[in-house]
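Colleague: Sequence:
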Amino acid sequence: MKTFNTAGPIQPDDHYNIPALSRWSMDEIRRLIEGKRYFVLHAPRQTGKTTCLLALMERLNGEENYTALYVNVEPAQAARGNVQEGMRTIVWRVVESAQLYLDEQRLEHWAEKALRKGGPYGALQDLLSGWSRENDRPIILLLDEVDSLVGDTLISLLRQIRAGYPDRPGAFPQTVLLCGVRDVRDYRIHDGDNQVITGGSAFNIKSKSLRLGNFSREDVASLYAQHTEESGQPFEAGVLDYVFEQTAGQPWLVNALGNEACFEMKAGRDRTRPITLEIMADARERLIERRDTHLDQLADKLKEPRVHRVISELLSDDAQLAMDTPSEDDQLYVQDLGLIHTRPQLAIANPIYREVIPRTLTWIAQTRIPQETAWYVGEDGRLDLPELLNAFQQFFRENSEIWIQKFDYKEAGPQLLMQAFLQRIVNGGGRIDREYGLGRRRTDLLIQWPLNPGPLDENRGFHGPVQRAVIEL
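Numbering follows the UniProt record's numbering, in which position 352 of the sequence shown is assigned residue number 352; successive positions increment by one, without gaps.
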C-alpha cells in the first residue's frame, strides 16, 4: 500500500505523489539546456528538489538526445576546507553515479588519471572534459547539495566548472545545474586565508536561478485524493482547505500531516471512518509537539545571527527594531530557508512554523515556570482567564528581568515570556494559535480550551464545546 512520503526522494511505486516534472516549467528547462546555459535550482529543505532532479535525469536520458547524470556531492562536506579530500570525494561521486544511473564504466579508469594529472584544483574539470569529448551525446550534469560544501572545496568546485564552461558542449558538459537550499548568490565562502568570496563571483556564469515552489491547493487535493482512491477513506469537507491553510502548501508539511492523520493516529487508521477536521487538527498539534527532523532543523536555524535579525523583527513590538531593518541579503537568506514569505507582506511562512518558532524559543521557560493548569480551571471546566492574566502580571513584576535575560531573542522577551507562561497552562488540555506580522507590532493569541470532560485522546477534545479567547500582546 502506498503512503505519504516524509523522508527522501519520492518512489512512485511506494508513495502518493505529484508528478515531479509538473512542479516546474519543462519548457523553461528545455530552453536553458538547448541554450547551453548553466543555472541554479534552489528551494527550502524537503520540498522535492532531489525528486525533481532524478525525474529530469530519467526524462532526458529517455529522450536520447542528451546524457544526463545526477550527482549528490554532500559526502564531500565532511572534508570541510580540505580541498584535496573534498575534490577526490566529488570526483568519485561522479564516477559512482555514472556507474549507477548510466552503467558508464569508463570514468573509473579516467578518474585516477585526472586526480594525478589535475590534482584537487583540476581533477574534476579534467574528468568532465575527457568524458564530454568521448561521449556520443552532450552531457547534462545535475549537481545536488552543492551549498552543503564549505571553504576551498566549494571554491574549487565552482571555479573548475567555470573554467570548463567555454569548452562546452564538445569538451565540457553542455549544461550544469547546481541545486541546494540557497541561491548561489548567497554562498559566503571562507577560503584558506579566511577571505570571504561570494558565490556570485566564483560562479559568474549562472544564467538563471529557479526556485521550486510549494504545492498549490489543487496539488494538495490531488495528493490526498490518491489516498482516498488507494484506501477508500475520504476526507471530510473543509479538511483539504485546512491542510493548505496550515501548511501554505509546504510539501513536507502536507505529507507529514497526511501521514500523521491517516497512518499514525489510531482514529485515522480506521478506514471505515473519514478523516475529519478534528483528526487533522490533532495531527497538526502532534507534529508541532514532536518536532520531527524537518521542524527541528528549522528551529535550529533560529540561532544563526542572520536569521535572528529577521525573525526578531517579526516577533518584537519594539518600534525602533522595526525601523532597523535587516539587510537584503539577510532577508533573502531567511526566505531561501523557507522560514518567511515576503508577499503580500513579510510574515512567517505558514501557521505551523508560526507555532514552532515561539514554542522553540520558549521551551525551557515553559518547562520551568512554577505554575500548574489545575490552579486556573474552574468547577465548570472553564479556564479562569482573568485569574490567569492576573497571575501572569504578578509573575512578570517579580521575575521578568531574570527570565527575559535567558531568552536568545531578548528583543521579544516580554512577549515570549507571556507566551511561555500561557503555553505552560494551556498545554494541560488546550491549544494556542498565534498570528503576528510586521507593521502591526503585536501578536494575537487565540486560546482554545475544550469543555467536554474526559481524557484528551478519548471523549475530551475539540469536537464539542470549546472555550475561546483572543489575547493581544
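What the hints contain is simulated information worked out from the structure, not anything from laboratory work. Honestly, I wouldn't trust all of these hints.
Said to hold, decoys possible - So the derived label-pair ranges between C-beta atoms look like this:
hint, residue 1, residue 2, range
1, 363, 469, 36 to 44 Å
2, 452, 289, 19 to 27 Å
3, 289, 342, 25 to 33 Å
4, 234, 134, 40 to 48 Å
5, 342, 363, 42 to 50 Å
6, 363, 217, 45 to 53 Å
7, 13, 102, 16 to 24 Å
8, 204, 305, 41 to 49 Å
9, 113, 22, 51 to 59 Å
10, 410, 382, 53 to 61 Å
11, 14, 234, 34 to 42 Å
12, 341, 305, 16 to 24 Å
13, 222, 64, 41 to 49 Å
To be verified - Keeping only pairs whose Cα atoms sit at most 20 Å apart, straight-line, the calculated PhoX-like set for lysine-lysine is:
hint, residue 1, residue 2
14, 208, 303
15, 206, 301
16, 303, 206
Here the structure is a predicted model, which is why all the values come from computation and not from measurement. Beta carbons are placed, not taken as given, at the ideal position from N, Cα and C, and that holds for glycine.
Colleague: A separate judgement is required for each hint: does it hold in the structure or not?
Modeller: Verification of the supplied hints:
One distance hint, 36 to 44 Å for the beta-carbon pair residue 363 and residue 469, is violated here, with the actual separation near 23 Å. As the Cβ distance of residue 452 to residue 289 is approximately 21 Å, the hint placing it in 19 to 27 Å holds. The beta-carbon spacing between residue 289 and residue 342, approximately 29 Å, falls within the hinted interval of 25 to 33 Å. Taking the beta carbon of each, residue 234 and residue 134 are about 56 Å apart, not inside 40 to 48 Å as hinted.
Here the CB-CB span from residue 342 to residue 363 is close to 28 Å, at odds with the stated 42 to 50 Å. Range check, residue 363 to residue 217: Cβ separation about 33 Å, and the 45 to 53 Å hint is violated. Separated by about 22 Å at the C-beta atoms, residue 13 and residue 102 satisfy the suggested range of 16 to 24 Å. Taking 41 to 49 Å as the suggested C-beta distance range, the pair residue 204 and residue 305 does not conform, at roughly 27 Å.
Distance hint check for residue 113 and residue 22: the Cβ-Cβ separation is about 42 Å, which falls outside the suggested range of 51 to 59 Å. Between residue 410 and residue 382 the beta carbon distance is about 35 Å. The supplied range of 53 to 61 Å is therefore violated. For the pair residue 14 and residue 234, the beta carbons lie near 22 Å from each other, so the given range of 34 to 42 Å is not met. Taking the beta carbon of each, residue 341 and residue 305 are about 21 Å apart, inside 16 to 24 Å as hinted.
For the pair residue 222 and residue 64, the supplied restraint of 41 to 49 Å is violated, since their beta-carbon distance comes to about 30 Å. Using a Cα cut-off of 20 Å, the hinted pair residue 208 and residue 303 is violated, with the two alpha carbons roughly 31 Å apart. A C-alpha spacing of about 27 Å is found between residue 206 and residue 301, which places the hinted pair above 20 Å, so the restraint is violated. For the suggested pair residue 303 and residue 206, the alpha carbons sit about 31 Å apart, so the restraint of at most 20 Å is broken.
This entry does not satisfy hints 1, 4, 5, 6, 8, 9, 10, 11, 13, 14, 15, 16, going by the numbered hints stated previously.
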